Amino acid sequence: MKASRMITAAIAAIILTVLIFFIISLFFDNEEENGTVDPPPDEEIEEPDEDENGDDNDDQVDISPLTNERAQTVMTNSEQAFQTLIDDTDENNYLTSFDSEDEVRIHLEDVMSAELTTWMLDTYIEEREEGAFLVPTETPIWLDHDEDFTLRAMSLDHYLIIQERSNELIGNVEMTYHAEWREEDDKWVLTDIESEQLEQDLSAEEVGEEIIRAIDEREMTVLATHAHEERGVLFSPYVYVDEDEDLIFDQDQIANFSDDDEEYYWGDYDGSAHDIELTPEEYFDEFLDVEMLIDPDQVYINEYNQHGNVLNNHDEVFPDATVVEFHYEGSEGEGSVDWFSVHLVFEENENGVWRLIAIVSDQWTI
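Heads up: the sequence shown begins at 1 in the UniProt record's numbering, then just goes up one per residue.
Everything labelled a hint here was simulated from the structure, so no lab data went into it.
Because the structure is a prediction, the values reported are computed rather than measured.
Be aware that a few hints might be false.
[Said to hold, decoys possible] Restraint ranges, calculated between C-beta atoms of paired labels, are given here:
1. Val337 with His145: 55 to 63 Å
2. Asn167 with Glu103: 29 to 37 Å
3. Glu138 with Thr118: 17 to 25 Å
4. Val337 with Val299: 20 to 28 Å
5. Val337 with Thr84: 29 to 37 Å
6. Gln83 with Asp122: 13 to 21 Å
7. Ser155 with Glu217: 51 to 59 Å
8. Asp295 with Gly271: 27 to 35 Å
9. Ile86 with His158: 28 to 36 Å
10. Glu103 with Glu217: 46 to 54 Å
11. Asn172 with Glu245: 21 to 29 Å
12. Asp275 with Thr123: 41 to 49 Å
We put the CB at the ideal spot given by N, CA and C, even for glycine.
Sequences are here, hints too, so could you generate the full structure?
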């Protein structure tokens, strides 16, 4: 009987122990599920990095997305800043409101990066004793706001503004303008300008064919678009070019030839030495009647031919140019006295476009 009670007591103790353990286990499981379990006393909790978790709002940069409207504003501001320099020049191309290159830098860096501003200064500004001088050369190709363009995001603070441009001056190019967010003054600025030719440009001969057709049809505005922007076009009535005597006309003057009634001195007639005094229209009728050159007998590139007794000095006068000669052999073929040539002299600009710098006539002389 006593043994039986002891067995019963032992069993009860075991059951009680199991029950207590079970209750304790339930308690800790419930606490762990609710995230309130304390860490071991000797373990140190690593605080999260506020920057990585986005909790430090004070250090975040608030960048305004570059919309189409903002992109146009970036381009307009840059173009206007550059145009201000052009408008500020006097008759000798010196800036009147900017005394030094540093002042120009401050002006441009308001809307451009420091790197692009440095390129602008190196390309367009010379600091001379008389002051800041604006170099007369081709201006940057700016965004055409009337044409479509593409925005391409490179990152949150860097976009590309891409536009195809095509005309006779620059050819067919893809322009890429880099706009980047400048944190110090919270705005988008222009940081770089790039251009890429999209297709093979016309050869000098192909451009020459267009010019011959323009001369034949007296399309003076078309002819003017091919003229060199800075050098203009020299006109020589004979194959020997006299740089001191031959006339040079700029694009605007050539475009106005049809309405120009002024008589110019173009040189002296071969043989008689009488003055060649003609209006532009009369000069074209007498020295540039090119109908027979629409389908020429020969086209020569840089061959400097001398068909008559007048010296051809093109290789000396235009050593770095490309000379395209359109030649008509005459009504009776080689040896005729009514042969005729026009030599078109070209320089290639930085965009790979051939620009006309001289039109030289050549015909039989006494």
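I want to verify a distance hint. Is the separation of the beta carbons of valine 337 and threonine 84 within 29 to 37 Å? With a Cβ separation near 59 Å, valine 337 and threonine 84 fall outside 29 to 37 Å, so the hint is violated.
Within 17 to 25 Å: is that where the Cβ-Cβ distance between glutamate 138 and threonine 118 falls? holds, 19 Å
CB-CB spacing for glutamate 245 and asparagine 172 relative to the 21 to 29 Å hint: violated, 38 Å
Within 41 to 49 Å or not, the Cβ separation of aspartate 275 and threonine 123? With a Cβ separation near 43 Å, aspartate 275 and threonine 123 satisfy 41 to 49 Å, so the hint holds.
Take the C-beta atom of valine 337 and the C-beta atom of histidine 145, compute their distance, and say whether it sits inside 55 to 63 Å. Cβ of valine 337 to Cβ of histidine 145: about 57 Å, so the range 55 to 63 Å holds.
Quick check: does the Cβ-Cβ distance between asparagine 167 and glutamate 103 fall within 29 to 37 Å? holds, 34 Å
That 20 to 28 Å hint for valine 337 and valine 299 (C-beta), does it hold up? holds, 22 Å
In this structure, is the beta-carbon distance linking aspartate 295 and glycine 271 contained in 27 to 35 Å? holds, 30 Å
Within 51 to 59 Å: is that where the Cβ-Cβ distance between serine 155 and glutamate 217 falls? holds, 53 Å
Given a hinted range of 46 to 54 Å, is it respected by the beta-carbon distance of glutamate 103 and glutamate 217? holds, 50 Å
Return holds or violated for the Cβ distance of glutamine 83 and aspartate 122 against the range 13 to 21 Å. Taking Cβ atoms as reference, glutamine 83 and aspartate 122 lie about 19 Å apart, which means the hint holds.
Do the Cβ positions of isoleucine 86 and histidine 158 conform to the proposed distance bound of 28 to 36 Å? holds, 29 Å
The structure shown violates the earlier hints numbered 5, 11.
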